[in-house]
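For the record, the sequence lines run as chains S and F.
Counting from 1, one number per residue, gives the positions in the first sequence under the numbering used here.
Counting from 1001, one number per residue, gives the positions in the second sequence under the numbering used here.
It is possible that part of the hints are untrue.
As the list claims (entries may be wrong) - Simulated coverage check for chain S against chain F, where a stretch passes if three residues somewhere in it have a Cβ under 8 angstroms from a Cβ of chain F: (1) 358-365; (2) 422-431.
To be verified - Cross-link-like lysine-lysine pairs, in silico, DSS-like; alpha carbons within 27 angstroms at most: (3) Lys229/S <-> Lys214/S; (4) Lys1182/F <-> Lys1237/F; (5) Lys1339/F <-> Lys282/S; (6) Lys1339/F <-> Lys1298/F; (7) Lys60/S <-> Lys80/S; (8) Lys393/S <-> Lys1133/F; (9) Lys103/S <-> Lys33/S; (10) Lys449/S <-> Lys375/S; (11) Lys1024/F <-> Lys1068/F; (12) Lys229/S <-> Lys167/S; (13) Lys82/S <-> Lys60/S; (14) Lys60/S <-> Lys282/S; (15) Lys1133/F <-> Lys429/S; (16) Lys392/S <-> Lys375/S; (17) Lys393/S <-> Lys1237/F; (18) Lys393/S <-> Lys1350/F; (19) Lys1182/F <-> Lys1068/F; (20) Lys1436/F <-> Lys1339/F; (21) Lys214/S <-> Lys167/S; (22) Lys449/S <-> Lys1237/F; (23) Lys1298/F <-> Lys429/S; (24) Lys1230/F <-> Lys393/S; (25) Lys1281/F <-> Lys1339/F; (26) Lys1230/F <-> Lys392/S; (27) Lys2/S <-> Lys49/S; (28) Lys282/S <-> Lys33/S; (29) Lys1133/F <-> Lys449/S; (30) Lys1182/F <-> Lys392/S; (31) Lys393/S <-> Lys1211/F; (32) Lys101/S <-> Lys49/S; (33) Lys33/S <-> Lys115/S; (34) Lys115/S <-> Lys284/S; (35) Lys1350/F <-> Lys284/S; (36) Lys1339/F <-> Lys284/S; (37) Lys1339/F <-> Lys392/S; (38) Lys449/S <-> Lys1230/F.
Read the hints as simulated data drawn from the structure, not as lab findings.
As the structure is a prediction and not an experimental result, all values here were calculated from the model.
Just so it is clear, CB atoms sit at the ideal spot from N, CA and C, and this is done for glycine as well.
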Amino acid sequence: MKKRLIVIGGGPGGYTAALRASQLGAEVTLIEKGELGGTCLNVGCIPTKSLLESSQVWAKSRQWYPEATAREVPWSSILKRKELAVSQLRKGVQGLLRAGKIKVIKGTASLAGGKTVTVAGEEALSLQADAIILATGSRPSLPPIEGMNLPGVVTSDELLSIQSLPKRLAIIGGGVIGVELATVCSELGVSVHVIEAADRILPNMDTQISQQLKDHLEKQKVVFSLGKKLEKILEKGGGSLELSLSGGESVEADLVLVAVGRAAVLEPLQLERAGVEVVRGKVKVNAYQQTNQPGIYAIGDCASPIMLAHVAMAEGKIAAEHALGLAVEPLNYDLVPQGIYSHPEAAMVGLTSEEARNRGFDIEEGIFPLMASGKALVSGETTGFLKVIADKKYGRLLGIHLLAPHATEMISEASLGLTLEATIDEIIKTVYPHPTIAEGIQEAALAIKGQAIHLP
Amino acid sequence: MAFVITMPKFGLTMTEGTVSVWFKAVGEQVESGEVLFEVETDKITNEVTAPGSGVLRHVFTPAGTSAKVGESLAVIAGETEDISELLGGGEESGMERPAETSGIEETQQAGTSGTSSAETDSEADVLPGGFRKATPLARKLGRERGIAMDSLAASGPGGIVVARDVEENRAKQPAISPTAKKYAEENGVEWEQIEQRGRIMLPDVIAAQMKTACASVQGVQYEAAESVTKPMAGARKVIAERMTQSWQQIPHVTITREVDVTRLQEAQAVLSGDLAEGGVKLTLTHFLIKIVAAALQKHPSLNAWCQNKEITTHRDVHIGVAVSVNDGLLVPVIPHACKKDLGEIAEALKDLSLRAKEQRLSVDEMRGGTFTISNLGMMGIDGFTPIINPPETGILGVGRVVDKPVFIGEEIARRSMMTLSLSFDHRALDGAEAAKFLQTVDAYIQEPLRLLLKGRQ
Ligand SMILES: Cc1cc2nc3c(=O)[nH]c(=O)nc-3n(C[C@H](O)[C@H](O)[C@H](O)COP(=O)(O)OP(=O)(O)OC[C@H]3O[C@@H](n4cnc5c(N)ncnc54)[C@H](O)[C@@H]3O)c2cc1C
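Model the full assembly from the supplied sequences, consistent with the hints where possible.
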């Protein structure tokens, strides 16, 4: 008899797990309370990237062809383009699930103990399975600060479909979401003020990336308050909001975006009924995504240490394969690439120099600044650099950090290199096409040996 | 300082070599870096330089004779230095030299570049059904010449057999990642012997090395090399700073106790059988972690942190286990050791030490320990003075197990004995308390069944 598998949540983690399980011959049911595609497709990766494409094209056109772009920002067309991409991709997911003969149920699922799932939706259902995969994702978290419920204070969910752009936007949080949306809005002429409690933006990235990206955004007129905490938000009348920050500073804005992090969505699941353990707000899982209850797995934002769509997908595959008895290898979180789609883009895989030193590596770094790249020059995007970190002993690649146009595409090469345990010698032996920005990765590797060709 | 010159390894496949010429005679002064002798194998001839200066005092392997890799060839020492201990070692095979022989500098490979690196990395990725990836041209050539694809090394991208491989008819070798290969060569791990279905990665090499580590410690090789001085860097530097700080700031007292581990070994034998099916091998270290965790719950003054004139005692026990890694020492922590059973401890330690050697531990996994265990028993050490890992207040050094005649009443019996060395922070506690802790540990070791009783002293 076919194994029955229930997946709760139709985001990238959930639909990947469902599709993989169906490839492996399971009878799969997927339950989704909202829209297929989850956060990523509807209010995350895809809409932000659509807006970023639009804002960059607009900003570049403005700079290069001012006479053709003298008019106002075509925000409603930008939104329409985004909606189009989202709805088309949603249909795509629907089609894939249909082709995989996966039963999709609309409704909110909860655990009823053992391997029973109940669904509250158009009709109430109770389902049995051999294995259950929880993939309920996350939602924006709001810090308990006065003024969070004022009109004009929004999360990324709302900002992505806001009907008109504000004049002044304050962004709380200089993490990935904050920086990406600061990029969009500043390119569209909004004056943006970013408030971040750490002393640099993107605190988990390479320090040089944080620094240069901040400098670059400052040139686009984004203002930063670093090392400052938001204390409260007050209404000032006339639709204006006032933010008081630690240290006495105050900032005025028409709209406030709160992007301080995301919290796992667990409540509707009623985990306690099945005895599923939760640690620090997330479902506790082992390397195979198993919870403490046999046959119940959890993946993606509701369980994972890294909240990214590709991590959710990778974990989804692991969970599905493990649940169906395949021998699987756990995910190596050191090798997960991370991208930020700001302009220029930032991307990394592996360890930062700091982390590598902490782990006891004796390291070497090679850096290739984009100023020296012909391709970057013709694109008019010379801010940034490519950095290769290797261990001194074997030249083993430990981390690659890019701040460059197309960094999020180029990082795949680095991921492959790290996954194959390549050393700088393999990068040096590889032939790179010219002119590209990627060829700078080779120069960075050569720089470690003091042999870069295009560096003095 | 005396040096034992050993037969160097010049290539992956080299197992022995012939000393063709000695350029110095016994009694002659040798300068570091001077060419000392020449080695011939069936593939290469190489000159080897002296790893240090001194007088060539003794030659074990006269010109024209061959020796296995790692075997002692000669001794260089001061003119009047006592080398009788080293000469003894020469009669056994060099591989069996005890690790603790003093006064020998452990040195690396001789001042030659050694290995031929002409071999191309090959890939051995075989698709699930035993089907070997090969290009159509390679298949065609193979059919023509009657060569099976799966007997060939693959040099194409992604482990695909390309025409060149058929033409050269190169025998299949397992695929290995570049990092893994360098590590294996440097650490003398014979990666060709690793049984692996896919590509050999660094963790596989390290795992193979760990498997043979215990067997080969006794055969630490003293290979000839030039002496090099370089500043401490990376992990070495951090360890040096931390150890100095600990030693200077904490008044260490070390107490030792010899314990009878005969019963514990019996328990180990029984339980190992039970766990073997799950692929877990129980060692004395696992038992000691369990026992120490139980004992610490009864002696909280040793399960404590002492810093800034404050003592924080912990209820939960998180045990750090010193793991030697390439170039250093890491202390990953087994959290909640007191709540884990032996199998869980064995698994946690296996995972942590493997990842420690791969340098995949995050800082968090090395923080928060409340007590540390350092085992040098497998290196043949009887007892030692472990240095406290601040802010902890105690560290237990574990020595080797030696069978000894012991009086039991009037009878002499053969018992397995082991020395425990406990260093403690004398600011935080006194000798009597520390001694009582060792007493508790001993009580568990004598009667491991006591572990089944919860709490209560
Ligand atoms: C603004 C923004 C930009 C982002 N950009 C990127 C990016 O560029 N790259 C990237 O990798 N990641 C990005 N992310 C993160 C990415 O969106 C998430 O990591 C990813 O969506 C997680 O996937 P998931 O499947 O775990 O959960 P989700 O995508 O959150 O999906 C969970 C689904 O479960 C459903 N659900 C929840 N509870 C129940 C229930 N009880 N019953 C039924 N259904 C339920 C929800 O409705 C939802 O559809 C971004 C996130 C945001 C907010």
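Against the structure, the hints come out as follows:
no.	hint	in the structure
1	358-365	holds (count 6)
2	422-431	holds (count 4)
3	Lys229/S <-> Lys214/S	18 angstroms, holds
4	Lys1182/F <-> Lys1237/F	23 angstroms, holds
5	Lys1339/F <-> Lys282/S	22 angstroms, holds
6	Lys1339/F <-> Lys1298/F	14 angstroms, holds
7	Lys60/S <-> Lys80/S	20 angstroms, holds
8	Lys393/S <-> Lys1133/F	33 angstroms, violated
9	Lys103/S <-> Lys33/S	14 angstroms, holds
10	Lys449/S <-> Lys375/S	24 angstroms, holds
11	Lys1024/F <-> Lys1068/F	21 angstroms, holds
12	Lys229/S <-> Lys167/S	23 angstroms, holds
13	Lys82/S <-> Lys60/S	19 angstroms, holds
14	Lys60/S <-> Lys282/S	42 angstroms, violated
15	Lys1133/F <-> Lys429/S	24 angstroms, holds
16	Lys392/S <-> Lys375/S	30 angstroms, violated
17	Lys393/S <-> Lys1237/F	15 angstroms, holds
18	Lys393/S <-> Lys1350/F	25 angstroms, holds
19	Lys1182/F <-> Lys1068/F	22 angstroms, holds
20	Lys1436/F <-> Lys1339/F	22 angstroms, holds
21	Lys214/S <-> Lys167/S	21 angstroms, holds
22	Lys449/S <-> Lys1237/F	23 angstroms, holds
23	Lys1298/F <-> Lys429/S	60 angstroms, violated
24	Lys1230/F <-> Lys393/S	14 angstroms, holds
25	Lys1281/F <-> Lys1339/F	20 angstroms, holds
26	Lys1230/F <-> Lys392/S	14 angstroms, holds
27	Lys2/S <-> Lys49/S	39 angstroms, violated
28	Lys282/S <-> Lys33/S	20 angstroms, holds
29	Lys1133/F <-> Lys449/S	36 angstroms, violated
30	Lys1182/F <-> Lys392/S	12 angstroms, holds
31	Lys393/S <-> Lys1211/F	23 angstroms, holds
32	Lys101/S <-> Lys49/S	30 angstroms, violated
33	Lys33/S <-> Lys115/S	19 angstroms, holds
34	Lys115/S <-> Lys284/S	17 angstroms, holds
35	Lys1350/F <-> Lys284/S	21 angstroms, holds
36	Lys1339/F <-> Lys284/S	18 angstroms, holds
37	Lys1339/F <-> Lys392/S	40 angstroms, violated
38	Lys449/S <-> Lys1230/F	19 angstroms, holds
Of the numbered hints stated above, those contradicted by the structure are hints 8, 14, 16, 23, 27, 29, 32, 37, listed in ascending order.
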